[in-house]
Amino acid sequence: GAVVSQHPSRVICKSGTSVKIECRSLDFQATTMFWYRQFPKKSLMLMATSNEGSKATYEQGVEKDKFLINHASLTLSTLTVTSAHPEDSSFYICSASRSGAGTEAFFGQGTRLTVV
Amino acid sequence: DAKTTQPPSMDCAEGRAANLPCNHSTISGNEYVYWYRQIHSQGPQYIIHGLKNNETNEMASLIITEDRKSSTLILPHATLRDTAVYYCIVRAFTSGSRLTFGEGTQLTVNP
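As you go down the protein sequences, you meet chains A and B in turn.
Note that this note's numbering gives residue 380 to position 103 of the first sequence, counting from 1, and the numbers run on in steps of one.
Note that this note's numbering gives residue 358 to position 101 of the second sequence, counting from 1, and the numbers run on in steps of one.
Read the hints as simulated data drawn from the structure, not as lab findings.
Being a predicted model, the structure only gives us computed values, none of them experimental.
Every residue gets a Cβ at the ideal spot worked out from N, C-alpha and C, and that includes glycine.
Do not rely on the hints blindly, as some may be mistaken.
[Said to hold, decoys possible] Here are the computed lysine-lysine pairs in the DSBU-like style, where the Cα-Cα straight-line distance is at most 35 Å:
| id | chain 1 | residue 1 | chain 2 | residue 2 |
| --- | --- | --- | --- | --- |
| 1 | A | K297 | A | K343 |
| 2 | A | K319 | B | K309 |
| 3 | B | K309 | A | K343 |
| 4 | A | K343 | A | K319 |
[Said to hold, decoys possible] Computed footprint of chain B on chain A, listed as stretches where at least three residues anywhere in the stretch have a Cβ under 8 Å from a Cβ of chain B:
| id | stretch |
| --- | --- |
| 5 | 320-332 |
| 6 | 382-388 |
[Stated by the list, open to error] Here are a few chain A residues that sit away from chain B, every Cβ distance over 10 Å (derived from the structure):
| id | residue |
| --- | --- |
| 7 | G293 |
| 8 | K297 |
| 9 | D342 |
| 10 | A349 |
| 11 | L351 |
| 12 | P363 |
| 13 | S372 |
| 14 | T391 |
| 15 | V392 |
Input sequences plus hints: build the corresponding full structure.
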């Protein structure tokens, strides 16, 4: 199956700093990628849709200035958590799929963010 | 996308078949049933999907009732590595890969 790679897998940062998470589709081009976050023992919650060459679409309640998304190429989307605080600590996961309707989504391995 | 209902947890003995049910009584004609699983602290993994016919691949079988209001994911010979949260998701064929996750079923395979 297709591979989506996410980096880093774990990161610890200090409050007030920013953290960038990368999501790459390794063997296909993805015009759209998705970012999710997951709290312990909870399900995945969609944060935003990343569109190559245009602005991301954020879900209701997600601060776009807090979670900056850039999708500069067909194989790379980045999520930057700006001015991170302990409540931003979570598991962040990206997904991508090949172009075309109905294709299955492939997920990255996730990034565990801990803000201290 | 239609809402799904799954039992919160299930247990299965190693080597036996695991049958995971999903109710999607409000599914509409253009919506597919997808199954993903998430092993602890990893990203979700695609398992299988179907529209109305039963489907089988190397990982699992998917049985969809004739009225399409429910389905069952079958892992024919469960192993300890199949312990995970299993998500049943219904989505329209044209909605791309935007997925709405419910709470899923925590399957625990016991030795």
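Next on the checklist: Output the indices of the hints that this structure fails to meet, ascending.
Outcome noted: Per hint list: 3, 13 violated.
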